[in-house]
Structures are given as structure tokens and as C-alpha cells.
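Asker: What follows is each chain in one-letter form.
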Amino acid sequence: MITQEEIKTEQGKVPYIEVKNLVTRFFTSKGIVKALENVSFKIYPGEVYGLVGESGCGKSVTSTSIMDLIPDPPGRILDGEIFIDNFNILSDLKSLAKIKVRSETDVKIKRNKSAIKRHNFILSKIRGNKISMIFQEPFLALNPTISIGKQISEVILLHNIIGMADSIIKRETMKTTDVDELLEQLAEINDYSMRKKIINQWTRNFGIPDLEASITSLLDHVTDQKYVAEQIAHMIEENQREINIDRIKEIRDYYTIERKIFELTLNQIQFERTGEIKKAQEAKAKIRAYKAMSKKKYFKLRLEMRFFSKRVLAIFHKEARRRVLELLTLVNLAGPEVVIDEYPHELSGGMQQRAMIAMALASNPKMLIADEPTTALDVTTQAQILELIGELNKVMGMSVLFITHDLAVIAEMCNKVGVMYAGNIVEETTTEEIFNDPKHPYTVGLMNSLPRADKKREKELKFETIPGNVPNLITPPPGCRFHPRCKFAMDICSLKKPKLTEVSENHKVACFLYSNESEDDVA
Amino acid sequence: MIPGANKEEKKRNPRLEDIKDTAKLLVKNKLALTGLIISSFYIFFAILDVIYPQYLGVGPGVVTTLTRFTGPNIVLAPPTDPTFSKGWYYFLGTTYANIPLLPAMLAALYNDIWDSAIVVGSGAVIGILVGTFSGYFGKIVDELVMRITDIFFSIPYLIFAIIMVTVLARVFAADNITIPPLTIISVSLIVIWWPTYARLTRSITLSVKSQKFIEASTASGSSRVRNVVVHVIPNVLSPVFVQISLDIGNVILLFATLAFLPLTFLNLNEFTPELGSMISSSETYMLGPGWFSAVIPAVFLLIFTISINLFGDGLRDVLDPKLRR
Amino acid sequence: MELKYYIIRRLLVLIPTLLGLLLLTFILLDALPKSFLIEQFVNHKLPIPAQNLEKQQAITTLGLNLSPPEQFLIYVNNLIHGNWGFMYPNSEGYGSYYSGPVLAGIMEYFPVTLEIAIFAVIFSIVIAIPLGTYIGSKPNSVSDQVGRVFSLSGYAMPTFFLALVLQIAINPYFPSFISGQGYPSYTHLSWIKSISGTEVSTPTHMLVFDSLLHGDFSLAAVAFGHLVLPVLALSYGFLAGLLRFIRAGMVDASNQEYVKTARAKGVPEKQVLRKHVRKNALLPSITVFGLVFSGLLGGAVVIEEVYDLNGLGRFGLSTVSGGYIQFFGILGTTLFFGIVLVMANLIVDVLYALMDPRIRY
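Protein chains in written order, with my numbering: chain F, 1 to 523; chain H, 1 to 325; chain X, 1 to 361.
The following block holds chain F by itself, in its conformation from the complex (with noise of 0.2 Å):
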């Protein structure tokens, strides 16, 4: 976790994630679901950002608009940036569907397929390997046919093939010379905890995870340095199967070729977007290039990989499953290799979620995004799961966005915090100023129907509720949202919207009470 100073220095950095006026509608029989308007936010790396409000504010929808997930139809995401990894994934909004509002229950969308096609293999590569997500009900969220082994490996499969290609060969192709250059590195090292980093290092590098434990106890015990050199070529061998490695390099340059089609992808839509159309046409022609030659050269590898996918990648799934252990290992399931064949409905909520996290870290990427991972676990579990998240925070660096409606949750997890409500982001600060110094009137509310030992509010200490209810967002009120429900409510708040403005130092509110700007001011 950063602390508190980290972030007010960290401007300089790249967030891992920026999301800017984004909106997103639902079209129903019923009118048009104003679900998100303008919501702006940046998620920097390592950090955890929690979302709060109270149910059907948009927080869900806000994390699966991130995903690009919102189901379609009835949802879509009408304009904004999300940027991920520097791109941004709604690069080619405009271009995939045409929306025609006649009224608010006449709404006419002619969805263009190829973009669609185009925007769903881009999103596909990112998915699951730059930004991962937890659900709310795990059970659901499982598929209930498949076992969670597999579940897991498909994601390594999906994105890591390259990967796990390089490094099975490293290990099939390895050489005497590899042993002594380990046995050379460790010779100069005395300090144990680095001697078993190294050996670590060096065995995961060689994809022979498995002899890690027996290396280092041959390397403690026995000190002839010849011999443990024979004895780990010995195992190494014995380790090592008969495999195809001319096919395991075709596998891994069809998937460089592939990954390369993906990357161009990114480069013409990032080009089409600018305006640069030579330079786009160009990386369409490449893209056309890579494909034929793609389909000329791995016609036969192709046409196997679609008919017998299973026995052409079986070493592929082998290791996959070893890395499902791994992971298992990792969120603390207890029996792994019991786990890993059993079917969800065999586990209990929490290990379920547990399994859920193993997949969202498959493929190591630098971001999750938990969607109330804990409301629908009980107590116990809810700890143990968020302690689990948190650890993946701290260990591997991994940002998080939380999400939840639990303030007790935010103050224990988050280091950032913003408020939504009726599809708005009404304040966003650190956690300590939420909690310290909540400036929005409806942060205040939620604040005060916590019950809550806090001394230096004595005033409100008591429990009070927010009058009103959260506004149908088919007809939502205009101006501020919040304005029928506030204590503090003025002409101009009915009038004009409030912007998420800067107070003081990394406090952002959107409240008329301490800034003028309004969104309609800009436009």
C-alpha cells in the first residue's frame, strides 16, 4: 500500500488507468437510464481506489464500463476515454454504432459489425491480461460446468502461450552450461534468503519449478561441486520430455505473428483517431500482410488448432495447470489439487471467490477490479478475502479499484476514495479526508448514518439518514442530482451542475457550496 504521502508527490507519474467523461445510458422500454454522467478518474499504479454510494448509483456500472462489459443491448457506452496502459480503448467509439434518439423510448442504434469485430479483438487482449475482474456473487460468476482448473488455465492460455512456449523450450533445450552458469552465480553468494532467490529465479526462468525444493537441499548438502553439476543435469534430464520442439516454436512464432496483427491493431486505430490516415492505411496494409502470411505459413497449424486445439497445445496445458496450482497456492486454497478438478457448486462462497482471484491473477496483470467482492459472503470470509486482496496489493503491486457500499470497507482498503451518486462522482480525496473532513453534503450524509465512534464530530454523532430517496435516472432532477435530497440545497443547484473541482489539496467536490464552476459553464 503507498501512504498518504506518496500520492500527493505521485503526480508526475502515469496512472495505470484514467477514465474521462465517461457516459454511459441504458435504452429501455421504459425511457433512456441515465446511468453515468461525465465520470472522470485516474487510477495510479499500486494504488487502491474505492468507489462508494449507495446501491444503483452507478458503481457497477462504472467498473463494467471499464471492462467494456455493459451488456449490449439495453447499455451503451455513449462517449468518453478510458485509458488503459495508455490506450484508450474507446478509441473507435464513434465508429461502432450509429445512435438515432427520436424519443426517449424510440432509440434507433445501427451497430457497424466489422468495428464491432475490430473493437472485441482488441478488448479481447486486453481483458483478462492488462485489467482483471472480481464479481460480486462468485457463484454466479463461475461457469458451473467447467471445473475451476480449467476455468483458471484458459486464461493463462489465452494470453500466455508466448510465454510458456519460451520457457519450456529454455528447459527442453537446456545445456550443462546453464547448470555451471547458476552454480558460478552462487558460488560468490553466501547470504541464504538470496541463494534461494536466485535458485528460484533461475529454476522459474528454466520452467522447472518442481525441482526447486530438490536443488537447493543437493546444493546445502553437498559441497563437491562437479558432482551436484551432474546430479542437476541428471534431474534436469530426467525432467525433461519428449517433446516436439520444432512445434513448440511454430506454436510460438503463430502466436508472435498474432500478437504483432494485435499491436498494429492498437497503432491504426490510434492513427485512425488522430486523423494520421496515411499512416493507419499503412499499418492496415501491414496488418493485411501479417495476416495472409499468417495463413499462408501456419495454414496446416491453423486448421489443427481449430479441430484438435486439445492435443496440439497438451503440453501448453500442462503447464497451465501446473501455474493453476501456483495460483491456488497463492489465494491460500487450502488443497489445491483437490481444488483445481473440483466444479464450483463444490466449493463454499469463499473459496469461490478465492478461485475467482486466482483467475484475475492468471495472467499477471497490473490491475483488478473488485465489484463488492465481499457482499455476498459472510463475515468471516468477507475479512480473510479482503486481507487477501490487500496482500496482492502490497506483494505484487497489483492497483486495485474497489468497489463497494461498505464505508467500514473503504477505510480499511482504499487510499482514495470517490463518492458517487445518481451516476456522478460528487467528491473524491484521500481516505483520510474523507473520513476527517467530508466536504460534499451527501459524503456528509453517508458519513452520518454510519454509526460511529468518532470524537471530533461529536455533533453529528448521531445516527441520521438521508431523506429521500436515490432518483429514478430516467428523469433525474436537473441541475445537481443530489439538490432534492440536500439540507443545504440553493437556486443555482436546480439550475446548473455542479464540476468535480479541486478545493484543496487532492480534494475534489462537485458542490456549489465551495466552488462556481459548473459543467455547463465549459460547454
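Listed below are the simulated DSSO-like cross-link pairs for lysine-lysine, each with C-alpha atoms no more than 30 Å apart in a straight line:
#1 Lys278/F / Lys117/F
#2 Lys130/F / Lys138/X
#3 Lys279/X / Lys117/F
#4 Lys113/F / Lys270/X
#5 Lys279/X / Lys300/F
#6 Lys284/F / Lys270/X
#7 Lys278/F / Lys94/F
#8 Lys117/F / Lys138/X
#9 Lys318/F / Lys270/X
#10 Lys94/F / Lys260/F
Away from chain X, derived, C-beta distances all over 10 Å, residues of chain H:
#11 Phe91
#12 Gly93
#13 Trp114
#14 Asp115
#15 Pro180
#16 Val225
#17 Pro289
For the record, the hints were derived by calculation from the structure and aren't laboratory data.
Just so it is clear, CB atoms sit at the ideal spot from N, CA and C, and this is done for glycine as well.
Given chain F's structure and the hints, the job is docking chains H and X onto it.
Answerer: Positioned in the frame of chain F, the structure of chains H and X alone reads:
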């Protein structure tokens, strides 16, 4: 998923609002709407025949047998082509035995629609009563009812219908009671059809029964019978209505099929006003120039069954809360 | 091991159902006037004493001298011992239908029905799964609407009319091997003898499979050609039913949360459908298979009548037509249809239990 979409406060009668919503969605579903319009057209004729039996001259008690159109001397003759010069009776030409096709078809349609409506209606009423009460009261009654419905589901209903019809026809014949063959079929089909509804309503009853408002109602001193009538049956109605709209077509087909099969004990002949028997009677002309005399009644029947199925299917989609959005 | 017990348990539950079916049919038949049943055995051309003798014999063979409960128990006892009663030739000389032991008759007629049913089921499944998956993956699209009309027409189409149209109107335009000209009547076993010239053993009693077993592919082709139209006519309703259920299953499965998870993992759209939606959509469709299969068996009666096939449906029809009611024939046919349907359901349930990891038997 969609925030705020369902938060709408309903001030008016929720049931009425629901029906309005359903109607709106149904109108949007083009196929269902087409089905509704076409089948209403057919049903309109069937109702017209009851209100003004003499208007088209094909209503109940007017055409009990097609010999009404042939005159006293029945002469089997090949079909003749449609003609517009001899009045609307002959717009579609004549079929075997000089019967004008159009009024004969309308008379047959009248019988088919009403008889199947009676079958499905009574089947539904019996099924709802048996299903809801056995489902609600549970225990031995329920077990017994379910075993009985199991028996009905353990044999193709057409086979059972054939046997039922034959036995009933024979029994009535022995007692010298003359009952029209279509009535015999109707009675048999009611016996066969109620288990469908009993099963359907029972399963819904079980899920309704476990809900809190039933508990609340029991706690406030409501009797079990009252609970079933006031709470369970209204909940059962909309799926039953969907099933009815799909079953009307099924039963009409069953009528036609039974009339088509050579069931000698059933005194069904080529002069029974029934579409199936009309088709089977003109089967022999299908390869010749008189093909239309078999095809037109069949297509006439097919259009009705397709449209009522389209309507029923659309209705099911609209009433299904999972697919509603 | 577990599965074995599951099947045994299921079989035990089936027995009361089948007994109930028999009892119901028996009660129904018991309502028939006794005099009528007896009269059927009497040849009115014979002198009166001989007629009386025949009446006496009829009373004993039908067991009419006993009380109905006794009759039923004796009948069930006989059933268990393999004696399903007899079908008697009409003494008036009406004899175009089967006469002899009921069980033997059923065994002779059933393979024909089984054969067309097998092909119809295979054909329907082969068409329905890809088609249903496709239209179910695009709900409310044009192809979905076309599929909807197509399958609802299958529900709405009178089987006999479809059969007639195929048989009479379209048959001449089919390739000759399908129309099967020259084999106007399909008399089952005599046909195989006459074609291959020699007597052959018929292990399956189904011409297509028998000839395949004998390696006689041309005969198999001819026999199969004969089946094409009946199978097509029989399949439509069944196919329509399956299509509807698979489509509904697909729509239902695509809205599930785990499909969202799959997309969130980065599974490409096609693979989402193939790996995550399809299996979950097809599983519930398995359970309705039995229901639709019942319709198929019923349809077989009509198809066999139109195409002149001597199958079980026609056998059943013959027990009630021709002015003659075959008491034991009706009971036997009912029971056998019951057994077939109930076993089909059992097989389907076992398959479902095997395929769905959530089901523990």
C-alpha cells in the same frame, strides 16, 4: 444491473399497469402482433357464427353436417374450379360431392375453434383447480395427483386419444345414445389435457407457496382455501394463459389428426364439418386438377395454427420477467 | 457404482407408473359392452350352436367370467411371464392386420418405428444444435425471427398434411431412389428376402442396419432412400421443438453472469459461445427431450399410416380400427408405448446426470 430503472414508484393499480406494459411490448413484437391480428380474424368468424348463426349460414345448429350443401341426392363428384359468378359460396370452388368449399371450411373452422377452445378451457380449469390445491395442500393428495399425471405423460397423447375416442364411441353406440363424433373427441381430449395444466400450475404454486406474503396471510388468519383462491390462482393465470394460447393450435391439430386417421368406430365421415376430415376426404384429388380442394383447407388451418402459435410465443416472451427489459 | 443404483432406483419408480397406465387403460376398456367384445369372435355364418360355442370360448379367452380385478391381476401375471395375450383374426374374414401373440406382433412391428425414430432423432439433433446455437446467439435478429417462424410452423403443421404433401405432391420431383418407385408397399421382412435373393439373418430387424451389417451397401441405400420422406415428415415437429428449446437455452445462458466473467477474462466472442454458452444452453435442452420425443412417437402413427409402413403406430391403430377392438392388443400397445417413452426419459435423465457436474445421483 441498470441503476434506478426499477425504482419507479407506481401510483396507479399495478396490475392494470402491468397489463398495459404487456400490451405495449406485444405491439412492439411484430411477429406476435401479426399472429394476433390473423388469429383474431379467424376467431371473429367463429364468434360471428354464434351471434348470428344465419348470417353466413354456417353457424351452430345450421350446419351439423356438410350434406346440407349437397342437397338430398349425394353425388360424389370431382372438385370444380373456383368461380365468382355463382355467389360467395363458390369463390373457392367445390370439393368432393359438390360441396362449396368456402362455406364448408367456415363451418368446419367454427367447429374446430369452438371445440378446441372448450377442450383447452375445461382442461385449464380442471388443471388449475387440481394443480393449485394439490400443490398447496401437499402431502398424500399431491403425491397421488402427481402419480396420476405421470401416467398421462408416460404415453404419447395421440395414442391415448385414439383409444379413448374409440372406447367412448363404442360405449355410447352400445347405449344407443347418439353423440356427434366431434363431441366424443372433445370429451376424450379434456380427459387427456388437464394434466398439462395441473403440472404447470402445481410447479408455480409450489414457488408461490414458499413466499412471504402467503405466510403473512396465513398469520393474519386467512384459511388455506382462501389463500389458494386469493393469492395462488391469480399468480398462476398468466403462464396458464400463455399455455392456452399455444395449446389451442395443438388441440385443433389433434382434432384434425384424429379425423384424418381411419377410426371406424367414430362415426366421422366426409360430411362431418371438420377441417381434418375435409382434407383426408379430398386426399385422392391431390395429384389432379382438384388439388386445391385438399390444399386450401390445409393451408387455411395452417395459417390459423401458425398465427396463434406466433401470438402465444410472443406472449410468453413478453410475460417472461427474465426476458423483459 | 453410484450410477447403477441411480438407474435401479429410477427403474423401480417406473414400475408403478406403468402399472397405473395399464390400470387406467384397463378401466377404460372395462367400460366397453361385454356383449360387443364377445360378438367379435362369433362367425354369424355358422349355425347357432357353433356360434354359442364360440361365444363360450370368447368368454374364457377374454376372462369375462371373472370379476374385473381378477381379470386385471391375471393379465398382469401373464404379462410378467411374457404372455401379453392374443390378437384374434376377425371371424368375418377381416384379416389384413396382424393376428397372433401380441408381444410377437409388437416385436415384429416395432423395429420399423424405431428405425424412422432413430433417423428422425439424429437428423433433428444434427440440424437443431448448430441452428439453435446460431439463432440463440443473436436474439431478435432477422435470422432469429426467421428461425422462430420456421420452428413455430413445425409446431403448427399438421403432420399428416406434411406427410401427404411430401408423399403425393413433391415425391415425383425427388430423385428416384428417394421416391422409391417400384416399391409401393414396404413389407418389411419379405422385402429383404426378395432383394438379396437369399434368406438372411436380421439381428436388428431394421433394414438399413441389417443390410449394413451384411455389408450390402446398395440395399442399405435403397432402404434408406425409402425412409427419407417419412423421416423428413416426422422430424419437422421434433426439430421445431428442439430448436425452440435450444434457442431459449442459449438466450438464457448468454445472460448469465459467468458469460460476463468469460468476456472479462478476454475470451474471444466465438469461443465464449462455443465454450461457455453452448454447453450450458444444451444441458437443460436435454431434459425436455423426453417431452418432445412423446410428440415424435405420436407422429409416427400418422406417418406410418400415410406412408404405408407397418410400424408400431399402425399396429396400435389396427387394434382399434376395422370395426374390431383388440382388447389385449390395446393393452399391449399402450404398455409398450409407455415403456418406450419412459425408457427414453430415463436414458435422457442418465445422460443429463452424466453431463452436468452439478447433478449427483
